[in-house]
Amino acid sequence: MNAIIAVIVNVIFALLYAPLIDGVERKIKARVQRRKGPPIQQTWYDILKLFKKEEIMPKDATKSIFVSAPFMAFLSVLIAYLFVPTILPGALYFYGDIIVVIYLLAFSSIVLFLGAFSSGNPYAQVGANREMSLAVMEEILLAFIVGSLAVLNRSLMLNRMFPLEIKVSSIILLAFYLVVMYIASARVPFDIAEAEPEIAEGPFIEYSGKYLAMCKYTIFLKRILLTSLFLNFVLPENVLWRTIGYVIGVVIIPVILAMIEAHMGRMRIDQAVRFMKRLSVIGIFAWVISLFGW
Amino acid sequence: MQDIKRVIEENNGKIVVEHDYFLLVEVSREHVRKLARTLFEAGAYYSTGVGSDERPRNGFFAMYHILNHEESKKYIVLKVEAPEHDLRIPSITPEIEGANWAEREAHDVLGIVFEGHPEPERLILPDDWPEGVYPLRKDFKYNEKVKPVRKEEKFIEREDALVLPLGPFHPTLHEPEYFEIYVDGETIAGARYKGFFIHRGLEKLAEGRLTIHQIPFVAERICGICGYTHMICYCQAVENAIELEVPERAEYIRTLLLEIERIHSHILWFGVVYHLLGFDTGFMHAWRIREKVMDIAEMLTGNRKTYGMSLVGGVRRDIDEDKKEKTLKALREVSQEMKKLFNDVLAMKEILNRIEDVGILPKDRARSIGVVGPVARGSGINTDVRKDHPYAAYKYLDFKVPVYNGCDVLSRYLVRADEIFESIYLIEQVLDQMPGGDIMVERFEVPEFSVGVGATEAPRGEDVHFVITHRGSKVYRWRPRAPTYNNLPSVPVMLEGEHLADAPAIIGSIDPCFSCTDHVTIVDDSTGKILFRGPLEDAIRRLKR
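In order, the protein sequences belong to chains A and B.
This note's numbering numbers the first residue of the first sequence as 80 and each following residue consecutively.
This note's numbering numbers the first residue of the second sequence as 4 and each following residue consecutively.
Derived from the structure by calculation, the hints contain no laboratory data.
In this text the structure is predicted, and so the values were computed from the model without any measurement.
Heads up, the beta-carbon is just placed ideally off N, CA and C, and yes, glycines get one too.
Heads up, some of the hints might be wrong.
Quick look at which bits of chain A chain B covers, simulated, 3 or more residues with Cβ under 8 Å [said to hold, decoys possible]: (1) 109–117; (2) 202–211; (3) 324–336; (4) 348–357.
The following label-pair restraints were derived from C-beta to C-beta distances [claimed, not checked]: (5) A:Pro201 with B:Asp131: 19 to 29 Å; (6) A:Pro201 with B:Pro133: 44 to 54 Å; (7) A:Met136 with B:Gly305: 31 to 41 Å; (8) A:Val215 with B:Asp360: 20 to 30 Å.
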């Protein structure tokens, strides 16, 4: 019963908080650029506004896929929140839930990719192609990390891994996880799939109104999910300290990432993929160490 | 100098006018091709071409090919004439690639047929313009309206590649231009360019109803960024045509403002490029620094942009000591901040990786297309109108012309970076050396049918204006040629074989300036009815309701 209440609170927290922290990030970026920046509620205003707007359906779109994709992506990320605790400890745990979380994240990328493809717009197709090459690499890296963690903890259940024991391999893995998290949250230099000046928002080019709002919301939720997963790995089990630590972490980490983002230029897709291939070597190294139980 | 004259005479060219700035050479139709090729081989490149309807005067149509021969510090204007009943002139495009657009334009607006042109398609007139109506002929009234015709759009399908339309409206360009890009995966297999959606018919307006003194204010509105250089270029063309000496102080003031325009234009370009590469922080900072330059412009001219400052014969406002001090102080700050920004960016690997060895334009190809300005200098061509054809006060000043041999986007980037600091150095010299005296010659005679060529180094490259004067302080023919006209044909060359992701940076690297217009004309395709701005807005509002 307690767990169910915790899950409900956690999901609501994530839904409310994800757009808000994006507003904070926008403010931070504006400050770095010596602009005043919009108020921190701006992302919320944007989403609410988009929900009120009419949707325009592209002529060549496969309507059923095009319309359902944003909702399916949104729901799959939301479902992942059932297994990853946010502000309160407690989630639905079962054997193998870690695999479900990774699948849900991959699923959200894939449906967005399908939705983009079904729009019939050539820019969306290019964007979807890029999204896919990135997503494949991300999922491989994420699978490396989680797989190594599972080996380290001899379990496929997430709650057994919260928090991680301090070992050489777990520290390497966490550092590695931060990088992957940065890539997966589609920030500069890895916002290649959207790349506004190049391919005009790529996969989202034909989306408007609530569908666009759902796409954007999905990205914000995914960012907070990945951040929460990281915090769960490092925070202590004590409820009070964990909550305090979580609140601090969930503000500080996006702010730091936004600062990094403001000082970067965009990579090209082949450069990004090459970069991630190099990263995967570190993944293999960490995995080997974890096999030895270090 | 003697050499080039000998070359012209040996190839049956007749030098009619010998001016300090240009040579006007008459050549017959049979010999134009050989003469053009010989001049190209002697080091000249194709600057621009101007068609003119001279029937009221002598019953002929004329084509002026303007070549820039930097070595002898002269523009060579080849004049070819054809009578109305036999309106054919051999095309020189097979010899010099760069003549392509100019000849197509002359065909569009005057109906001159260029025999042997490899690509005789419509260039500047819209698709719905009727065949056989030539707007720049003298018997076409400037306010005449034509009935649009419907025309099927030609769309080249390619089996092997996806057609990606970059434009007519795209966030990279901010102005209506259309690149049809054929992509194979992420690689560009080819590109086709289509432009002139916003041709405003300024030339017809100027010939039809403006006087020599009104045109400068239309000329500066050709561009929203480098307008002043067009104004000066026009003034110089007229001054060359009527052999008018401008007071030295006016020359210095012109130089000062031209360099201020170059600085703000280049900083603007850096902002745009950073944005295209996803580095928005650089974009914001570049434009913040640029704002100081705009403030200088406002202080000196009364406008945020350097508008309304010149007339034929001089400049309209003087500069006092107090403004000199303020200008120097602001420029020192700009110099420091830009240095810091450039250093920070050079430390960013991901930005350099995106522009190094991307968008290659080999030197020989650059020369045959006739690219100008930083694009040419980034491909190892040492060309700069300020050095090759000194105008305004540049003949008294000391400056370097940065040339890089990388032929890529990075080289163009570095050329512009160096030019900002050269410009600041030039302004310091100008303010230091500026002599006293008048700023304007107010009384002068305008002879009839005198030909003049004016050129300036705009921020984007060589800007050429061609003027033929007319009685009653009017112009018979005025043709402005913006630098992008010469640079754009090189973009498909640069794009081929590159990644799609690099397309914006490559197109951006020539600093394209598609002059924009306020008054849109939209044609309702189904009825052929023209909706002007007012009715268009009403129609949109009605739809919304």
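Quick one: see if chain B covers the segment 324–336 of chain A, three-plus residues with Cβ-Cβ under 8 Å. violated (count 0)
Per the hint of 19 to 29 Å, is the separation of the Cβ atoms of Pro201 (chain A) and Asp131 (chain B) within bounds? holds (26 Å)
In terms of beta carbon proximity below 8 Å, does the segment 109–117 of chain A have 3 or more residues touching chain B? holds (count 4)
Given coverage of the segment 202–211 of chain A by chain B, checked by CB-CB distance under 8 Å (3 or more): holds (count 5)
Does the beta carbon distance between Val215 (chain A) and Asp360 (chain B) stay inside 20 to 30 Å, or does it fall outside? holds (27 Å)
Pairwise beta carbon distance, Pro201 (chain A) to Pro133 (chain B), judged against the given window 44 to 54 Å: violated (33 Å)
Outcome of range test on Cβ distance (Met136 (chain A), Gly305 (chain B); 31 to 41 Å): 51 Å Cβ-Cβ, so the 31 to 41 Å window is violated.
Has the segment 348–357 of chain A got at least three residues whose CB is nearer than 8 Å to a CB belonging to chain B? holds (count 3)
Taken one by one, the earlier hints fail for this structure at numbers 3, 6, 7, listed in ascending order.
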